[in-house]
Structure formats: structure tokens, C-alpha cells
Amino acid sequence: MGGMPLLQFRDLSKSFPGALALDRVRLDVAAGTVHALMGENGAGKSTLMKTLGGLLLPDSGEILFKGRAVRLRSPHDALRLGISMIHQELFPFRDLTVAANLCMGRETTRWFPGWLDHAAMNREAGRLLARLGVPIEPTRRMRDLSVAQMQSVEILKALAHESSVIIMDEPTTALSEREVTALFDAIRDLKQRGVAVIYISHKMDEIFRIADTITVMRDGRHVATRPASELDERELIRLMVGREPAPRVAGPSTTGGDLLEVRGLGRTGRFRDVSFTLRRGEILGVGGLMGAGRSGLANAIYGLAPATTGEIRVQGKCVRITNPADALKAGIALVSEDRAQFGFIPRMSVEQNLTLSSMKTRFIDRRAEAALADEQIRRFALKVSDRNQAVVNLSGGNQQKVIIAKALLTEPEILILDEPTRGIDVGAKAEIHSIITRLARSGKAILMISSELPELLSLSGRLLVMREGSVTAELDPRHTSQEEIMSFAMPS
Amino acid sequence: MKSWGLAIALVLISAALSFAHPGFLTVPNLINVARQISINGILAVGVTLVLLTGGVDLSLGSVVALAGVVAASTAHPDQYPVVVPVALGIATGALCGATNGLMVTRGKVPSFIVTLGMMTAARGLALVVAKGRPVSNLSTDFTCLGGDVGMVPIPAMILAVIALVTFVVLKNFRLGRYLYAVGGNAEAARASGINIGAIRMFAYTACGALAGVAGVVLAARITTGQPNAGVGYELDAIAAVVIGGTSLSGGVGSVGGTILGALLVGVINNGLDLMNVSSYYQAIVKGVIIVGAVWLDRNRQQS
Chain G
139 MGGMPLLQFR
149 DLSKSFPGAL
159 ALDRVRLDVA
169 AGTVHALMGE
179 NGAGKSTLMK
189 TLGGLLLPDS
199 GEILFKGRAV
209 RLRSPHDALR
219 LGISMIHQEL
229 FPFRDLTVAA
239 NLCMGRETTR
249 WFPGWLDHAA
259 MNREAGRLLA
269 RLGVPIEPTR
279 RMRDLSVAQM
289 QSVEILKALA
299 HESSVIIMDE
309 PTTALSEREV
319 TALFDAIRDL
329 KQRGVAVIYI
339 SHKMDEIFRI
349 ADTITVMRDG
359 RHVATRPASE
369 LDERELIRLM
379 VGREPAPRVA
389 GPSTTGGDLL
399 EVRGLGRTGR
409 FRDVSFTLRR
419 GEILGVGGLM
429 GAGRSGLANA
439 IYGLAPATTG
449 EIRVQGKCVR
459 ITNPADALKA
469 GIALVSEDRA
479 QFGFIPRMSV
489 EQNLTLSSMK
499 TRFIDRRAEA
509 ALADEQIRRF
519 ALKVSDRNQA
529 VVNLSGGNQQ
539 KVIIAKALLT
549 EPEILILDEP
559 TRGIDVGAKA
569 EIHSIITRLA
579 RSGKAILMIS
589 SELPELLSLS
599 GRLLVMREGS
609 VTAELDPRHT
619 SQEEIMSFAM
629 PS
Chain B
37 MKSWGLAIAL
47 VLISAALSFA
57 HPGFLTVPNL
67 INVARQISIN
77 GILAVGVTLV
87 LLTGGVDLSL
97 GSVVALAGVV
107 AASTAHPDQY
117 PVVVPVALGI
127 ATGALCGATN
137 GLMVTRGKVP
147 SFIVTLGMMT
157 AARGLALVVA
167 KGRPVSNLST
177 DFTCLGGDVG
187 MVPIPAMILA
197 VIALVTFVVL
207 KNFRLGRYLY
217 AVGGNAEAAR
227 ASGINIGAIR
237 MFAYTACGAL
247 AGVAGVVLAA
257 RITTGQPNAG
267 VGYELDAIAA
277 VVIGGTSLSG
287 GVGSVGGTIL
297 GALLVGVINN
307 GLDLMNVSSY
317 YQAIVKGVII
327 VGAVWLDRNR
337 QQS
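Line by line, the protein sequences are chains G and B. For any residue, its number in our numbering is found by taking its place in the first sequence, counting from 1, and adding 138. For any residue, its number in our numbering is found by taking its place in the second sequence, counting from 1, and adding 36.
Incorrect hints may appear among the rest.
To be verified - Within a straight-line C-alpha distance of at most 30 Å, the following computed DSS-like cross-link-like pairs (lysine-lysine) qualify:
#, chain 1, residue 1, chain 2, residue 2
1, G, K521, B, K207
2, B, K144, G, K467
3, G, K498, G, K521
What the hints assert, rightly or not - Short derived list, chain G residues pointing at chain B, Cβ under 10 Å:
#, residue
4, G199
5, L202
6, F203
7, P462
8, I483
Calculated from the structure, these hints are not laboratory results. Everything numeric in this text was worked out from a predicted model, so none of it was measured. Every residue gets a Cβ at the ideal spot worked out from N, C-alpha and C, and that includes glycine.
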């Protein structure tokens, strides 16, 4: 177990337009260990693993595998070296059998090249399934399996490749306790055979059960690597989160009447039983991890993915929101977290995107529209060559400003912001923060979802935390800490 | 702007043809070109609307035949005032279009399949209505719609009016803006409060109605309701639209581009006719233009 590390990252850096995702990361991974990688959303864990898996090329720095520098230009390069990756999102071949999926790319043939030996593949698949204790017939079609079963098969596939490094990204999200135990047995088995397992997860208890070493990342940088035995949950959270919170922006001191009331709201499979009140002039923050149901909540209030239970009241009156048009009529606007999918029409101009939600007349007054667009460009300091530039060509920060301006042009009373500053550079972020506080001061009610704890703490007047579909806490930002928020956000 | 390249190409090709054959650049011939592209032009403007929303309509040719047969069946001398066959023909087209639209929006069946089915069924219906024979003996009030007023062909005037109205709607009306939005990013359009189902219904219904217009005009021109008319017309229409710069994935395109595309194909066909080039070679040339135009366009976008 001693000697040279199997895998070494040396000063790896990677940036995207407007954001530094990896900042000179140095990390060693030893063979025959389970090495956990932890950090908040956006800390850089996925980006780092994507460079290892051949999905991204780093801007600078190098990766050393078995002592030799390697260039991983594609997942194929990585697989050939013996590095395989189990992604959080699965893409199985749904209409093929379990065995066919497991043997994909390494099919056994007999008699002559290309003639598939189905019997042998089924036998091999059966052996693998038995070893992991997964009670699935190798001849069943992937489409007929549950998500948990598909995840098990995906894990088996990586094991079958006989890799020396296996990256597992949140492998247990859909697994039952029994399946998790079986997985961990298999992982220990791999350890004995000298395989290095890099394990990304937010679940503390699992980490402490299985990991030998824990690395914490934050803001794209490597923060600490320690043996698991030397850490406990409190220390781990402190390392993950420990940055100076941004100075509190002077929030609105008075809030007005109830504007939005949500009671027992839920959508099957996404979130359940959420209740809260939102007042004029208030910024209600919503924290939590990815998958906690926060966007589900936002999309339900806005009608993009309507709620299946519960009720919504705007200014005391009960409203039925089944699509975005209903929400807009009720005075609710949304800035979605998925800019590309829901935010703008890519090849349309800035001017046309800005007015899309607020076109009140059948005939378009082109001159008024142009004047309005110019005014918005000025008001929000949009960096565009002119109002006819296609929105897809703008930077992330400017795209986000266009989307916010577009939502504001509908003159909403209630504004829902889902990750308003994700993927945006520092300058634009500060501008958007001041826009948000100005809006609250002018009397709008704002629901703000964010994965950035300092942002939540400095902007919110009140703070809800969600975990696995329900609200776990309501906190006062002035009297709580990033650690406390995280403790309510992480699965137990 | 994209259309300028196409306009220049059109001018250059016309210049080349006028050198190759002196009869090309004469008023009678140019009027001929206008007359020849009218039917295809009307269909192309209609299907532009559908393509803008990201769909496709393969049933155009069959709807042309069906509308023509329905119109002709009520256009016999001393039967009904000419308004009736015209209105019935257009209504038939609109109904087919609406059916397409319903299957696409409510039934969630891909437009390729829906309109393929309509293409087959409408053709059958046309044969049923016409009892398997061309419908002849049409009143002159009706057939004059396919003729001229002075030197100007009426079909070309109809195309001009349709193109102008569609141009204005796409540029200056909210409906037009919404068509582009739905095709550009349907999910973002929905998130903006747009009723994407209603917009798509409009596109398919309007396209069908315009195919009905084309069917009426064609029946008037050939003085029969021909149940076998229009075979392959949808491909020519889509070709014109695509050459004109409309993207098959939706959200990009214009009426101006479509007209230029129709003109380009029409001019080349006309020129080759004058030079007595066989129609087989003309088909090859047309195929090359279609692929070439789209290829050039994509190359320009990548750079």
C-alpha cells in the first residue's frame, strides 16, 4: 500500500466563461483505498472528476497515472487506461438486456468474429450479479428495471471493466439499505484487489462507513486531505463551508402584508407538504442540496410543473396555477435555474427576448419596443453590442440579467429566483445582488433559492432549509451559521 | 442578413441565364416564371409557418388535390356562386391542417408521422370525392381565377398578397413573434407564458388553409378537379423554404427568404426549359441546389 500514489493531480486548473472551476488542484489517490471527495455544490468535485474521466480537458496542470503523465481526451482514453466512471445520471440502453448492457463494448464472440455468444455473456452477467447479491435476471430488459436496479447494473458495469480506478458519483441515491450494504461489500472487495475507488457523496454516514481518506474541496481549490479516522462530522462541515460570510447587505427593515401563502404544497416524487408565507418587501431564502426539491417547489408555484396537492394563495385569494400564464396573471414571475432550457430563446435578439413575457397587444409597436429594450439595457448595465444581438452569444451573467429584466417587465408582485447567480462572475454577481435588494425595498416579495450559503445569509430576511423533499428548518440568518444550514441540508 | 446572399445568387444566375438564352430576360418570360412558381410559392409560404415552429407538413400535395376536387365539385356552371367553391376549398384545407395540428399538439404524435398519414388519407379522400375521375365542366367564373388580368397572372397576384400578409404578421404581430419563440425554444416559450399548443394549432391550420388556396388555384388553372394532382408538391415547397434559409429545427426563417428560394428554383427550371435541357437533368440540378444551399448556410454559421 505504500510507495507511489496510483493517481496524482498536479496543479490542475480549469475555467469556464466567467467562473474558475478548478484552481491549481493538487491531490494524490492511493491504490487499494476508498477516497471520498466532498464539498458543496459548485466546489469543483464534478469538474475534477470530469477531467479524470476524459470528459473535460484541463486548461493547465497534469494528471499522473501510475507515475506517467496522461492526456485524457475522451472517456475512451480513460477507459483504456483503466479509469471508469459511474455517473450520477444514468444512460442505460433501455431496450437491450441486462447482460447486453453489462458486456457493452466487451462482447464475447464464438465461431467467427462478430458472432455474439449470448450464452457466455448471460453466464458472465449472472456471475457478476450474484457476486453483488443483486437478484436480477441477466436476460431482463433494462427498461423493466427500477431506477435502483438500473443503478446497480451501472455499478456492476464499471466493476466488470476491471479498472484500477473507479469514480462513483452519488452511487447510492436510489439504493435501499440492503443494496447499499452489498455495494459496500463489493467496494471492500475491490480495495483488496488494489483498485482505487473515488467516492463522491453528501451522505456523511456513508462516507464514514466506507472511506479511508477524505478530501474536501471548496471554491475549486483543494482544502484538506485527511484520513477518515481523524475527522468527525462537525470538522468536516467546517472544512467544507468555512469561509467568511459576505457582510450582510442592509436588508429591508420593514415588511408589509402577506403576499403569497403556500399551504401543504406538494408534487408527487419531488417535494411534499411545504407551507410558508411570503410578505411584501421580504426575501425568503431557500437552502438545501441538489435534489432537495427546491426547484420543484419553485416550478410548482410558477406552474411549470404544477403541484399535485396543497393550495396557493395570492393576496388572500386562492389561485389555481396550472401553467406559467396562470402564474403571470397572478403576479408571480420566475427566473429559472436552468437558463438554457427555460430562460431564453437562443437565436432571438435581446430586444425580443426581453419583451416575450409581457406582450400585451396583438400588434407590436416596434419603435416602443426598441425604446423599451434600450432602457432595460441601460438600467441593468447589459454588455451587448446592440439590442439586436442574439442572447445565446452573451456571457452567462448578461444572459441572467436579460432573464431577470424580462421577468420584471411583467410587473410581478412576487418574484421567484432559482440560483440567480450560478455560473456568474464576481462583478455581475454583485450587480445582481444589489438588484435583488432594491426590488425587495421597493415592496416586492422575493423567494430566493440558492446553493451559495454566503449569498443566502447575506440577502435573506428569513431562511428555509429543504432536504429530500421537505422543509427541515426555518432559520434566522442573523442568528445562524453556514454550518447549521448544512446540518439541516445533509441527509442523515 | 442571410437573404442578401440568396438575392445576389438569384441576380447572378438570372444574368448568366440571360446570356445563355436571350429569351430569358423578356417580360413575357418573366411573367411566365411568376405564374410557374405561384402554386409552389403559396404552399411554401404556408409550410414556412409550420417549419418555424419546428414541425413539418408532408401532406401539402394531397391537400391540394382534395381541396381542388371539393372546389371543383361545387363549381359547375349555374350551380353556386363562385364564392362557394373557393370557400369550401380553403375550408377543406384548413380542416386537414387543423386535424394535423390536433394530432401533433394533443396526440403528441411527431409531425412527420401525422402529416405522412394525412398525405395518404387525404389522397384517398380526394379519389373518393371525385369518384376516381377528374371533375370537369367547371364554370368560367371559377376557371378565370387561374388566368390573367391584363398581363398579370391572377395566381401570382394571390401569391403576392399572401406573402405580404404573412410577412406583416411574422414581423409585426405578437402571433408571429410567438411562432418564432415556440420554434426557437418551446420550453422557454412555455415558461414565458405562451400557449405553445395554440400557436402550433395556428401554424398547421393556416398551412392547411393555404394549401387549400393552392388547390383552388390549381383546379382553376387546369380547369379540372384532379384527384391525382399535386404529387410531390410538398417536397418542392419544403425545398424552397429550406433554400430560403429557414431552419428545419425551427425558430429561424422568413417569408422573404422563402419567396427567394421559390424564385431561385423557378428561375433555374425556367432557364433550363428554355435551353431545352431534359427535365431529368433539371431534377438533378434541383437536388444539388437544395443540398448545396443548406450546406453553404451551415458552413457560414459555423465560422
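Between the alpha carbons of K521(G) and K207(B), is the straight-line distance 30 Å or under? Status holds; Cα separation ~26 Å.
With a cut-off of 10 Å on the beta carbons, see whether F203(G) makes it to chain B. Where the cut-off is 10 Å and the nearest Cβ of chain B is about 35 Å from F203(G), the hint is violated.
Against chain B, with CB atoms and a cut of 10 Å, does the hint on G199(G) hold up? With a minimum Cβ separation of about 30 Å from chain B (threshold 10 Å), the hint on G199(G) is violated.
Holds or violated: is the Cβ of I483(G) closer than 10 Å to a Cβ in chain B? Holds. Min distance 4 Å.
So, as I understand it, the hint says P462(G) touches chain B; can you test that by seeing if any CB pair is closer than 10 Å? Given a least distance of 5 Å, the restraint on P462(G) holds.
CA of K498(G) to CA of K521(G), is that 30 Å or under? Holds, at roughly 27 Å.
May I ask you to test the interface hint for L202(G) with respect to chain B, counting a Cβ-Cβ separation under 10 Å as satisfied? At 36 Å from the nearest chain B Cβ, L202(G) fails the 10 Å test, so the hint is violated.
Would the pair K144(B) and K467(G) pass a check requiring their Cα atoms to be no farther apart than 30 Å? Given pair K144(B), K467(G) holds - Cα atoms ~27 Å apart, limit 30 Å.
The structure is inconsistent with the numbered hints 4, 5, 6, although it conforms to all the rest.
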